[in-house]
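Engineer: Here is how the chains run, residue by residue.
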Amino acid sequence: MSRIGKIARRSFLIGSAAIVGGVAFGIYKINQPVKNPLTTGPGEAALNPFIFIDQNGVTIITPRAEMGQGTQTTLAALAAEELDLDWKDVRVLHGPPAAAYYNSAMLSSSLPFKEYAMSEFQHTLADQLSKAGKLIGLQITGGSTAMQDGFDRLRMAGASARETLILAASDRWGIATRKLRTENGAVIAPDGTSLRYEELAEQAAKTEVRQPELRDRSTWRYIGKSMPRLDQVAKVTGTAEFGLDVRREGMKFATVRMNPNLGAGMIRFDPAPALDMPGVEKVIDMGRGVAVVATNTWLAFRGAEAVEIEWEAAPYPPEQDGIWSAIDASFEGKPNSTLRDDGDIETPIEGSTTITAEYRVPFLAHATMEPQNATALYTGDELEMWCGNQAPTVVQARCAEAVGLEKEQVNLTTTFMGGAFGRRGEYDYAVYAALVAKEMQGTPVQVTWSREEDMTHDFYRPACIGRFTGAVKDGRAVQLAGAVAGPSVALGATQRLIGIKPSGPDLVHVEGAYDQPYDIPNYRITGHLTDVDLPIGFWRSVGASVNGFLHESFMDELAHAAGQDPLQFRLKLMRPVHAASAGCLDKVREMSDWTGQTPDGVGRGLAFSYSFGTPVAQVIEVVDEDGSIRINKAWIACDVGLALDPSIIEAQMFGALMYGLSAACFEEITFAGGAVEQQNFPDFDALRIHTAPQVEVAILENNAHMGGVGEPGTPPSMPALANALFDLTGIRARELPLSKAFDLLI
Amino acid sequence: MAIPLKINGETHQVDLPDDVPLLWVLRDEIGLTGTKYGCGVAACGACTVQIDGEAVRSCQVALSDVWGDVTTIEGLGTPDAMAKIQEAWVEHQVAQCGFCQSGQIMQAAALLAGNSSPTDAEIDDAMSGNLCRCGTYPRIRAAIQSASQKLQEA
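Protein chains in written order, with this note's numbering: chain A, 13 to 758; chain B, 354 to 507.
The following block holds chain B by itself, in its conformation from the complex (with noise of 0.2 Å):
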């Protein structure tokens, strides 16, 4: 039976088994491919996605057990309207290969949803489950600074 989903504000009939992780929704059956497969296990961040705000791996939640509205990397913003935290990220040249950064942004985006201007011991709280093997993680620090500033001077 299909399961409704509302992903970036549309709503999708999921005809699916219900164990299918949500990634594997979002990835090969929505087509939403911004939310990258990197472990499967919760271990490296780059699935991590937003259900009502809160940063979760898309990998560990069952199709049917999602709970809210789901926001991806592509319901953040676009290449035409990009959300302020990917124009820090963009102004921080962050990425390299840029595989892991959809969820970095994610994860940091749902910090600073919840916290406006993050210390740096409270950015390693919320950013140490994201890997990422280019080590681009002092530009991401200083990204999320930036879009920190930015959010507080809008």
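In isolation and in its complexed conformation, chain A is listed as follows (with noise of 0.2 Å):
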């Protein structure tokens, strides 16, 4: 780490070949089969900085920042592929903020299409889209997108590197290119001598850079295969840094206590208690709630909670009761959107047999294992941030506006996030650090949230409901409507992270629901939106966490409605609309040797989600042990596309899962006298060592785009849960968490 930190702190140029020491090599242009308008304007030519080499050799800046999702190691062998790098001498780095780091998968994805049907020419609109990204400088890790957005920038930026590494060797030797070749991070000479590329990043920085033919598929030699990921050894001997861990000479501990009637301001407060306390030195005013700042963190816990401060209520229903209300009647009126509306779902169908549910999920902490915090120095003209965020520019603009500085004198360093799930795309906890570090210029001080803290000032996941309505007739689906009500993701966050209020239909609110490939003759989804002023934020697979329970709880309603297999059920919708679906289906089937049928005492279900382009199918066995019941078993089907490292996507894939079943089982966030009643881990738990199933995975590489695996596993989680539950016990459980219903072992 201590190479790469001095190469962080040498803070290099972004948009210049030429580095002091060294030499950044970029894209002078995308390969675009389509002339895109977006991409001609000024400043267009700067490169995008991924691979830094200098007198001790290569860094990969990685575009997106490593979360435990693995996204470093993967573009690190994208790059390294083409560069022809030694594994064992990969370095990477996290970019600064800088618009040349802007996701280009993330706006893409934000187009009212269903993924699975989408044609080649609506593939070509998305990537014209994507552009757009690289306008406003996105540089968001998210959305499951790092893959889409890096395949081809960092093996482009690698194999560009490589080539002018070649050129500078060839008028070093005065010997052709063709007759060169490189290897493990050295070019090599036809008589075998070899120069590394560290001993030629000075002069390739005076080379014209060249971008060559990417290699083909069938030479990948780390494209593919399951690498040694670089993060494990630093995170087994505590070495790796996070945000928490950030040390800095007369570093001083602070926390933050801020209403816990969220968004609302103090009335007054007094700090003599806490300035009384050992080790407390300041309260600071914060306007929402106050900082302590102290000589150790838990010193200033302990001060924060002596502050005695009155608060202004909350600007929401006050109680879980109202909150549900307001949800409930904003299925009134007009929908926001009506993505689907397939056939007709208002006249009945002769001979078929109608069913209707309605279904809950509850508001949802991300509960990442490392709190909120962030570091901060502030001294005048300039401010330095160290912090894992998962949006380095939106941090940068935000803090700086708050501490009246330009973005530009606002130096980031993105650490290791100890968990994010969404939470880490917000910016708050960054901007408390720099408020708090304006206050204490010329000391470096890291604020701390308390795990309490972190619980009961989320961006939550919304709490929703659903009604749907379905017909079947023969043993197959032929009506379903479905209608999804409660506060909006997309309304706040964008608000927030780009500072736009989007209008029209709100995609990110029915995903899940509206673009599941069945066939389904007459379908409809129709989203409805919750006015409440709540912090609602992006939870691991956004929309679809909480679609995937609402249109898989009621697939299954359906089937036995229609006294079918579940999975044959679905099987029949999906085969003639996507095969790669299907085939997941096909698959999962296979692997958990799926009968229809199982002994007293066990229960199996099945659930099929679609999101972030990547289908996946999940079959959960649960066991009845004296009246407590166990999740024994998950099986995973998921269809990548292309599987760019098999061991990080199945750590995904069935982190995912776990993910939602803590969820399904144990968590809800709800409220009281306007405050989050849930404080800690206690009362939010999650699966743990001995009520995590046993797992199986299988990626499939038959779908026609590549799909991400951050979030896809998820959504289909939490109805296999309560799909299998209902299969042991017969009991239909439509609302979240499930242990309000079943005896589940804790």
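Because the hints were derived from the structure by calculation, they are not lab data.
All C-beta atoms, glycine included, are put in the ideal place defined by N, C-alpha and C.
Hints should not be assumed to be uniformly reliable.
[To be verified] Some, not all, of what chain B presents toward chain A, calculated at C-beta under 7 Å:
| no. | residue |
| --- | --- |
| 1 | Val394 |
| 2 | Ala396 |
| 3 | Val443 |
| 4 | Gln446 |
| 5 | Gly451 |
| 6 | Phe452 |
| 7 | Asp477 |
| 8 | Ser481 |
| 9 | Pro491 |
[As the list claims (entries may be wrong)] If you want the footprint, here are the derived chain A segments under chain B, 3+ residues with CB under 8 Å:
| no. | region |
| --- | --- |
| 10 | 80 to 88 |
| 11 | 246 to 259 |
| 12 | 487 to 501 |
If you follow the hints, you should be able to join the two separate chains into one complex; please do so.
Structural biologist: Have a look at this one:
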């Protein structure tokens, strides 16, 4: 870490090829099948610096951040593949905030198309839209997009760097480039003489960058293999630096205590009791709460508890019942979206059986293992920041605004994240640290939230109600109408992150419901937004985390109403629409030896969800052990189109399932007296080693386009479990968490 | 008055109030940040260290109550000289975000020190207090079994 740390502190220049002591390679232009008017503006010749070489070696600068999903390892593999690096020499560093690290895949997923059914024309349109990400510098790790974004870019960066190094060696030796080859970080002459890349770096900086062809898939050595993750040794020896682990000379330790009535201010506060406590040095008025600066984080926590504060009231219904009423009321009136409206769902179909169901899912906290935190040093004309975050350009801009500096005066280092799941796409924790640092000019300050503060001041996955009606006839679904009501994730988050108030249909609100590959002739999905002033945010798989449960619970109910095996029922509807999705059902049937029958005391449930470009089918098995129900086993079949790293994909698939099952079993956030009731893990528990299922994952590559892997495993997990519990007990739970209706092993 | 603490074989004089938890002594005073803060109420295990070989939640042990020699993840092994159990964790590519893994490893190391070939049920019993929000449990189990093999072969 130390060498990379030095590189980071050297603060290399973005958009310039020449760097003191090194060279950055990038792409002059993106290979575009269709000319894109959005990419021809001024400044477009600026390099995208992904590869940094100095006298010490090669560092791959990753545009996306490591929050556990393995993104740095695979992004590095893409570049190293083309650059011919020895894997043991590969070093990575998070990209600093810069438009050059825009995420091209983030916006293209915002088109209201059913991904599984997109035509080539629609894919081209999505490609075009993706260039807009470049213009607004959307440097975001999220939406399971890192590989769709990075697959070409990192390989091109590696290839152009290699080509340039060969040119430099050719000049040095006076040997034609075609006679030179590269291997393990060196250019090699016909007589075996070699020059390390680092020896060629300075000369390469003066060499014009060319963009060669990319290597053929058949020659890949790293891509498609399970590479040893670059973060493993650091993470098992306690040497990985998370935001909480940043240490600076003379640093103070602080915490915040903000109004539990979210978004409301303070009427008055008295810092005196805190200032009397050992180690407490300062209490800062933060407007909606206080910060306490101390010599030790724990002493700061104690001090914050001691401050006497009178809070303003919440700007939303203070009790959970009131919030549910508001959500319920939003079904009335015109829907915000009707993104699927096939056939006729109004006219009853003769001879069909109609069923209806209403589902409820709660607010959820992210509960990352590492509580929110950031470290900052304000010196008057500069703000130095260190924190884990999913959106560096946003963090930089908001912190600059907060302390009255230009964003160029804010240097942000992105550390490892101890989990994110969408939470670290926000910037509140960073702004608090910036504000505290401004009050402590010249002294570095680390602001750590207590777990209680973290859980009660989140941007929550919205609570939602789903109302579904459907009809079955001759063993098939012939009508399905689903309506989803709840607060919008996209409305608030888009304003916070990009400063744009979106209008029109909220796609995120109904994703996972309107875009599923089922051949149902009469099929309508509507979204209804609830206007409550609550902090709502991105939670792993976002809208699909809600709609996966609603849609797939209802599909299961339809299958039973039709007297069909739930797997066969889905397969018949799916096969004509999307072969790769049907392939996941076939695979999970084979893996789990699904027969539709289970012995007494054993239940099995199936669910399917197509999200973030990846279809995923899951079977979950539950067993009754003396009245207590244990989740025994889970089988997962996913189709990612192209599997860049099987071990990482497997880990993301079962990890996403565990994250979903934790929520499905135990988790809910509720409000009372305006505040969140759950404070810490005892009130908001997750699966643990003894309650987690055994898992088996199959990775297929039949889908036409590469899909995401970080999120698609979450949506089907919750309905698969509920469907398994129905199979075991005959009780249909239409509300999460399931621990309310079942005696689950804890 | 300074309190002496022996941590990873080295003695430190700590001048903090008696009731400051060992976790915050390690992290904010000694600078050993491998031990993590997750909950502060002994519900997640991220802060697990060993005192005289016993796995304990360092967020619950007051400075003045530390009864023996403290071993943290940094004392178990280093990147250049990892302990067998750390090698097993790497072999199985266990860590995702990695924030809980110091605690998981310290807990597992204590288990294996007292029981070199634990059954699945014994692994469950020992590890159920260690939360992992990334859900790495299948690989944690595999790594413990693998480390158990390595220890028996050694």
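Engineer: Of the numbered hints stated previously, which ones are contradicted by the structure, given in increasing order?
Structural biologist: Number 12 only.
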